[in-house]
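Engineer: Protein sequence lines correspond, in order, to chains A and B. Per this note's numbering, the first sequence starts with residue 1, numbered consecutively. Per this note's numbering, the second sequence starts with residue 1001, numbered consecutively.
Hints are not guaranteed to be accurate.
[Stated by the list, open to error] Here are the simulated lysine-lysine pairs, DSSO-like style, with alpha carbons at most 30 Å apart:
no.	chain 1	residue 1	chain 2	residue 2
1	A	K379	B	K1233
2	A	K31	B	K1413
3	B	K1019	B	K1156
4	B	K1031	B	K1069
5	B	K1069	A	K360
6	A	K231	B	K1379
7	B	K1231	B	K1183
8	B	K1019	A	K31
9	B	K1175	B	K1193
10	A	K3	B	K1069
[Unchecked claim] Simulated coverage check for chain A against chain B, where a stretch passes if three residues somewhere in it have a Cβ under 8 Å from a Cβ of chain B:
no.	segment
11	106 to 115
12	399 to 413
[To be verified] Here chain A is said to cover these stretches of chain B; the calculated rule only asks that three of the stretch's residues, wherever they fall, bring their Cβ under 8 Å from a Cβ of chain A:
no.	segment
13	1044 to 1054
14	1212 to 1218
15	1284 to 1292
16	1362 to 1368
17	1380 to 1386
18	1427 to 1433
Just so you know, these hints were derived from the structure itself, not from any lab. The beta-carbon is built from N, C-alpha and C at its ideal position, and this holds for glycine as well.
Protein chains: 2
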Amino acid sequence: MDKINPRLLQGFRDFLPEKKRQRDWMINQVKSVYESFGFSPLETPVLEFSDILLGKYGEEAKRLMYRFKDQGERDVSMRYDLTVPFARVIAQYPELVKPFKRYQVAPVWRADSPQAGRYREFYQFDVDVAGSSSTLADSEMVNLISTSMQSLGIAKFNIRINNRKVLNGLIEWAKIDKDDSTKVFQLIDKIEKISAEDFEKSLLDILSASQTEKILEFVKTKGINSQIIAKLKEIFVDNSIGLEGTEELEETVNYLQAAEVDMDIIKIDLSIARGLDYYTGIVYETILLDAPEFGSVFSGGRYDELIGYFIGTNVPAVGVSLGVDRLFAAMEKLELLPKVTDGTQVLVTVFEENPTDSVKIAQILRENNIKTEIYLGGKSALGPQLTYANKLAVPVCVITFADQVAKDIYTVKKMTEKFGENEQIETNFDGLIDTVKKMLE
Amino acid sequence: MDKINPRLLQGFRDFLPEKKRQRDWMINQVKSVYESFGFSPLETPVLEFSDILLGKYGEEAKRLMYRFKDQGERDVSMRYDLTVPFARVIAQYPELVKPFKRYQVAPVWRADSPQAGRYREFYQFDVDVAGSSSTLADSEMVNLISTSMQSLGIAKFNIRINNRKVLNGLIEWAKIDKDDSTKVFQLIDKIEKISAEDFEKSLLDILSASQTEKILEFVKTKGINSQIIAKLKEIFVDNSIGLEGTEELEETVNYLQAAEVDMDIIKIDLSIARGLDYYTGIVYETILLDAPEFGSVFSGGRYDELIGYFIGTNVPAVGVSLGVDRLFAAMEKLELLPKVTDGTQVLVTVFEENPTDSVKIAQILRENNIKTEIYLGGKSALGPQLTYANKLAVPVCVITFADQVAKDIYTVKKMTEKFGENEQIETNFDGLIDTVKKMLE
């Protein structure tokens, strides 16, 4: 048989143990925060009927979705995000008590061009509430971001918030045709990635000079949150949708203040639009101040109409999504990831004369909640077994020479970085567990 | 826009919070056992190049694999099990220290006919060692099964073990053509699902009468483990491969005894073959005595040649796979699943007059590690808020009437099953946390 070249698809990755443990650590930290806010876990399938997913995200998604015919000629697609499946769940199980609060952490797939920090398979970690139109829910989302980031030991970040109703108000205020609004929002969303000149030029491709001027005035509105809110109230004095969005922002900010969120990190930013079609109210992004090149690591918003695609009547909903891979890559670069050491604690050696003694010792150590390996590398002298323990950074070895064990002697060896510098203690069977525990301290 | 019918593909499932929590509990219990044996987590992608997966499992798999052309016209397939990707990893990263011990829990996909307890998307939870030909590794696998089952509170089960070398010895002993061996193994594997008559008839379709007789004599060899081993040594007195398999079984059993595994559950069973092509040594299955209809819930074996498909030289390996969905369904039926109650502990009510007070209280409770929800259902009287808490079995509510809060009075209410029978205590702000904690006890 010909050899098969072991390789991965571009944009797909293996996570070897060290990295996998660090990722698990990150996910568990955020999960604890989500749980502390009263959210419950949910899981949806990887494959969905394509019509469930299509038409919810915008044009780009159609091109990027992994879509195929299954064995029964059904048109199926791999999960593109966690929000649309969540909306499907809300529609499918009307018996769910509302407001329904869930979190989900799972991979999603997009056939995007792979580039630094961008993958075709990547994890999202979402939290959403369905059945709440309250700005309290909006502020809980922003609070969740802030608390999650802190739980990961990240101090230097901004959460930028805006509201689609404010942007819709802008469309009205600048007298822009509604059909052009998506294009305008997409341009606004890219404002930081392109030059001011290009931004203006791109606007002029779609809009008149006076319309463009109003957009420019709007996105340039900067300052502290209260100043921006005051300015918006001025602009939207006769514009009910814009005013509604402005008041929602104001309430959200007030609740965040009451929750003692550090208000220096909360920035109303009128240039935030978010690319996805389904947003209807508040939207937010999270930028790492020391690594802005990673883009937003924690994003989301309100989507009051998405569930309505499935049941005909709207159910208000709001959510936030952590880009696990992006944040992980950024934390790696910023050296913010802790060294996770929850692997094997003890290696029990094995010698040809008495392997069952090793099995017995391992069993007793495990019964005492010590993570224990038996050396499985086959017939071997002591040297290679200690080398194995060193390579895997196993902190303690129990050495089981047959002649020693026969005399009730066990050698407990503390492994240090340099071979030969190891500290070791001989003990009898009764003292073994205590000796190991002491060495592990 | 037309409404889209919210629905799932047949054989695919959503896990709503209660079930998801129970599944997470199961996975965490088993993960703790795997970790206690010194295994580390690994993750591989859902999509692989098809040639990585094809040709490793047997004929059936080709038909059942979700396989398609991606946007770049690459021939890709969804993960069919976790073992072949593991073998690919071992081949791809020669720098991994051997023996390499990993666990992985993840969904796999097979376009099988959905039936009771059988899904097209289901979870496997695997543990494998690569780079060990030792029977110590074989016995560790069986020990892992036994310990995992105990960690789930399951007492009544059998682990049936056999060895492919013993079966290969049988082929030689019965003078059967090697090309027919796969068919014979597949028949033996199905022995419990068909009648004795049909089994014999099916054998006679492939084999001569004298060959069939030998197979029947062999699979009928029953008794305690030592008796079976004695009988095999007799049969294989001149058959080196059969003898090698027999000795491996004997060593494995001895190690299990040394590890104080309950030997009443370990049954050498010569009718166990396991369907997959890649097994080469020990194989095992786990049957629930009170729910044998679920089939094997924990299975695996040794596959010393699979990694060789990728690198040309063989790397010995052995593993075991927990059928998460199957075991979960069986535990559900046997009422062995614990009620998992790690949801919200406190609901803080919200009233129109003073929502920021609710935000403040929630924040303080969360800071004291109490899982806390703010009521997000919008403007509401107390009744619907308490009903919400009752429906979700939230044990404690903190009631924040504006006029009370103004006088530093908070009502802490213990929710019981019957509305109206609730116990409640009034406290001031300073006593709030203690009062809540006492009620939660």
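Engineer: Hints first: check each against the structure and report whether it holds.
Structural biologist: Going through the hints against the structure:
no.: 1; hint: A/K379 <-> B/K1233; result: holds, 25 Å
no.: 2; hint: A/K31 <-> B/K1413; result: holds, 27 Å
no.: 3; hint: B/K1019 <-> B/K1156; result: holds, 23 Å
no.: 4; hint: B/K1031 <-> B/K1069; result: violated, 35 Å
no.: 5; hint: B/K1069 <-> A/K360; result: violated, 52 Å
no.: 6; hint: A/K231 <-> B/K1379; result: holds, 29 Å
no.: 7; hint: B/K1231 <-> B/K1183; result: holds, 25 Å
no.: 8; hint: B/K1019 <-> A/K31; result: holds, 17 Å
no.: 9; hint: B/K1175 <-> B/K1193; result: holds, 26 Å
no.: 10; hint: A/K3 <-> B/K1069; result: holds, 22 Å
no.: 11; hint: 106 to 115; result: holds (count 3)
no.: 12; hint: 399 to 413; result: violated (count 0)
no.: 13; hint: 1044 to 1054; result: holds (count 8)
no.: 14; hint: 1212 to 1218; result: violated (count 0)
no.: 15; hint: 1284 to 1292; result: violated (count 0)
no.: 16; hint: 1362 to 1368; result: holds (count 3)
no.: 17; hint: 1380 to 1386; result: violated (count 0)
no.: 18; hint: 1427 to 1433; result: violated (count 0)
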